[in-house]
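Protein chains in written order, with the numbering used here: chain A, 45 to 309; chain B, 201 to 493; chain C, 4 to 334.
Keep in mind that the hints are not guaranteed to be accurate.
Pairs of lysine-lysine, DSSO-like flavour, derived with a Cα cap of 27 angstroms [claimed, not checked]:
1. Lys190/A to Lys323/C
2. Lys275/A to Lys231/A
3. Lys192/C to Lys117/C
4. Lys282/A to Lys63/A
5. Lys192/C to Lys173/A
6. Lys316/C to Lys233/B
7. Lys325/C to Lys119/C
8. Lys63/A to Lys75/A
9. Lys53/A to Lys75/A
10. Lys192/C to Lys119/C
11. Lys316/C to Lys190/A
12. Lys325/C to Lys192/C
13. Lys53/A to Lys289/A
14. Lys369/B to Lys416/B
15. Lys242/A to Lys190/A
16. Lys63/A to Lys53/A
17. Lys242/A to Lys75/A
18. Lys190/A to Lys192/C
19. Lys53/A to Lys282/A
20. Lys289/A to Lys242/A
21. Lys233/B to Lys369/B
22. Lys192/C to Lys172/A
23. Lys119/C to Lys190/A
24. Lys192/C to Lys233/B
Covered by chain C, according to a simulated footprint, are these stretches of chain B (three or more residues, beta-carbon under 8 angstroms) [as the list claims (entries may be wrong)]:
25. 212-225
26. 465-474
Calculated directly from the structure, the hints in this document are not laboratory data. For clarity, every value in this text was computed on a predicted model and none was experimentally measured. Where a beta carbon is used, it is the ideal one built from N, C-alpha and C, also for glycine.
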Amino acid sequence: MSMSLLEVKNLGKDFGGVKAIHNLSFTVRPKSIKGFIGPNGAGKTTVYNVISGIIPHSSGEVYFQGERITGLLPYRIAEMGLVRTFQNIQLFRNMTVLENVMMGRHIRSGSGFFASALRFPGMRAEEKKICEQAMEALAFVGLQDKAHTAANNLPFGHQRILEIARALATDPQLMLLDEPAAGLNTKETSQLAELIFKIRRRGIAMMVVEHDMELVMEVSDEILVLEYGQKIAEDIPKNIQANPKVIAAYLGEMEDTKHAEAQEY
Amino acid sequence: MSFADQVLQYLVNGITNGGIYALIALGFTIIYKSTDIINFAQGEFVMLGAVFMSTFYQQAHLNLAVSFGLSVLVVAIIGILMEVLMIRPLQDSDVISPIIATIGASIFLRGAVMLIWGRNDLFVPFFSSGPPYRIFSAILDRQYVWILALALLAMGGLHLFYEKTLHGKAMTACAANKRASSLCGINVQTMVILSFGLSAGLGAVAGGALAPFGMKYDTGVTFGLKGFCAAIVGGLGNNVGAIVGGFVLGVVEELGAGLISSSYKNAISFCILLAVLLIRPQGILFIKSGERV
Amino acid sequence: MISTLLEKIKRGHFLLFCLFVLALPLILRRVEAGDYYISILVLAGINSIVVVGLNMLMGYAGQISLGHAAFFGLGAYSSAIITTRFGLSPWIGFAVSIGLNAAVAYFLAEPILKLKGHYLAMATLGMGMIFLALFSNLPITGGSEGIGVAKLHILGYVLNSRDLKEINYYYFTWIVALLLIYLALNIVKSRVGRALRAIHSSEVAAHSIGVNIAQFKTRVFILSAIYAGIAGSIFAHYSTFLCPPDFGLNYSIRLVTMGVIGGMSSIWGGVLGASTLSMLPQFLDMFAECDILIYGLILILAIIFMPQGMSQKIAWCWEKLKGSEQKGSEQ
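Using the sequences provided together with the hints, build the complete structure.
Below you can see the structure in the form of structure tokens.
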């Protein structure tokens, strides 16, 4: 079945005795947007970490464009067209905005130590191209004016956008976004929604982990819900909103929070 | 001397050296647990212990026991000063900076001792006179018995401190989880100071015990290096591991030097260090625990 | 007007530095004891080569090595053994030095570079101590008795001649150094340099964006070993006699100090730190017995107050100068 871009089959991940992911199966179709929600600690980032190769899986398989990616190193998976952003923003803080995005072109270029040391003409042409393509990605997300600012000096909202620009520069087929709206205000969030649609129009599929329910409902074609490492629902947004299991999972979380607050007084 | 006799002698020597390495390794571990720093000046604490003990005995004409105790105290204070002046300013920087700072401290302390005390060995008399003991065919010098006894005493004292006193328990808590400890009202800064003082003191105990053999400004370097080999072997951040690592290193080193080659004696510790780092960096005593997301 | 001049200087700074380096001994020769100063600069050049390599590893890729004296020594002893024990040409010695360092670094890199932080520091330290033991005990190196090294000659011209030795070696060392500095500058300004900085900043992000971090770490480690090896070979022919203590922990630490003081994340910082610290012993000689103490103090103060090194402070002043110029012209 090569209809799906990403296919996760019976994925499991154990940490010592803890089953962080249990028998998880889902697919992501090309050019679609899959929302990925669940209460805190459900294991969503762990799922991303396993898919992107940062941590090894314990059982099951993951297929990307029909090829098995479980067990591959992260850089190989990125080469194949699957990239991600990070919940706690992992920018390259010792570089400028432009240089961060130029890192996105790393896998689409090839000059090594030798060519770089001797500045072969091929390498110089490639550098120019990398710079141009990075500027394009920056323009796509609207950050082109900040190209030479230190990445560390960007306001928080722009840092998240920069991470997305960097991922875009790799010419991916699938982007895994991890809480891209966390810490953004309303205006920034709606700009983010527009950007997500813009990315989709380019033909790139996305998974979006988010806690901002309005955003998730707005952008997703389909939503996957995780609780305690297990899938409890996978459906169109309208149905997810009405799904009793989902409501219970989130209500439970709300209950816990209310309970904790009550105990303080 | 039969082969078995030789091996026995190596074992005896190895265990006594192991006591010293264990003390130094403990010093590394204590600081590492509270600050995540490797203190490259640990060997210098050993050297300072001997140097001060010698000074108190020869210059101030105090008796051996008082000289010993006083030197431990003085070196502990030097350790605390080192934390306050050098480590604390760097607590928010990257991994490399504190390492370099302690290397700088090591060089500085050596330079200071060379300047003040000169380049010659400093001595104290052996703690007790008399012929060496015999364990079957092996010879055990009386001073080595003192070394082992003092080492075991220090380790025992440390154990009591951690188990029975409030400060000790607080330090254990800090080592396990700094944030939770500070939330419980434990003053983390005080604990860090305490750990430096304790480490330096332990080093000085080792130094005092070794003082009769003679120490000069750069004798501490090799001890420090071997001590942290031992700490890694046992498992960095693990007190029991430091002790076990110390004895293991002492014995293996002595056996290796005796049975294989004595000119490569120093290299043996480092080969063991590399082997542990490459095969099992957590050390031989590390117990695998489950990680949480 | 001054700011445009500064910009021109910045763009041509490598060439300016080359001119400065090449002209310096001609000036020094006219000074009393000029040869002595030139000899210090030879050592500065040798150290610069090692530290530039080390900075690529430590400052750019963010790894740490407390054992680089091992590679320096490996290079030196290769040249010594090839020329003295086998009687072959010094150029074969250079080739062996480079090849051997590359090979050793290649084999050590894979297991060692998996370690991080102080574990990596200790592994490299252990590596350095083991090599020191080998230098001190293997019969082929002459052990603690030392080993002689044949004189270096280029197309028949012997560099070690009595009168011109210092200036010959000065030019040889610094021409090689300038070449290696040029290559290093090119590397750090390229895709490779970016990847190294990315690894330093966030390994997980670098890996996830497609950088093969194991391969890059290995390659920069090998490169830094080759730089150290070349410097070692030059040192061997210059000093004509090797003994093990020169290749131990003290030298490894001095190398790291040079990197720190000059600025680890900068190639120029490496040159600056190496040159400054190579000239320091001459000043410290005045303080006689205080030299070790002052050395330690410098290291401590540098890492606390100037962790990015002198090169960053200079760059900062540079920016301030440019900035105030711009402000001036706006008024």
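**Request:** Would you list, in rising numerical order, the hints stated earlier that this structure does not obey?
**Result:** 2, 4, 6, 7, 8, 14, 20, 23, 24, 25
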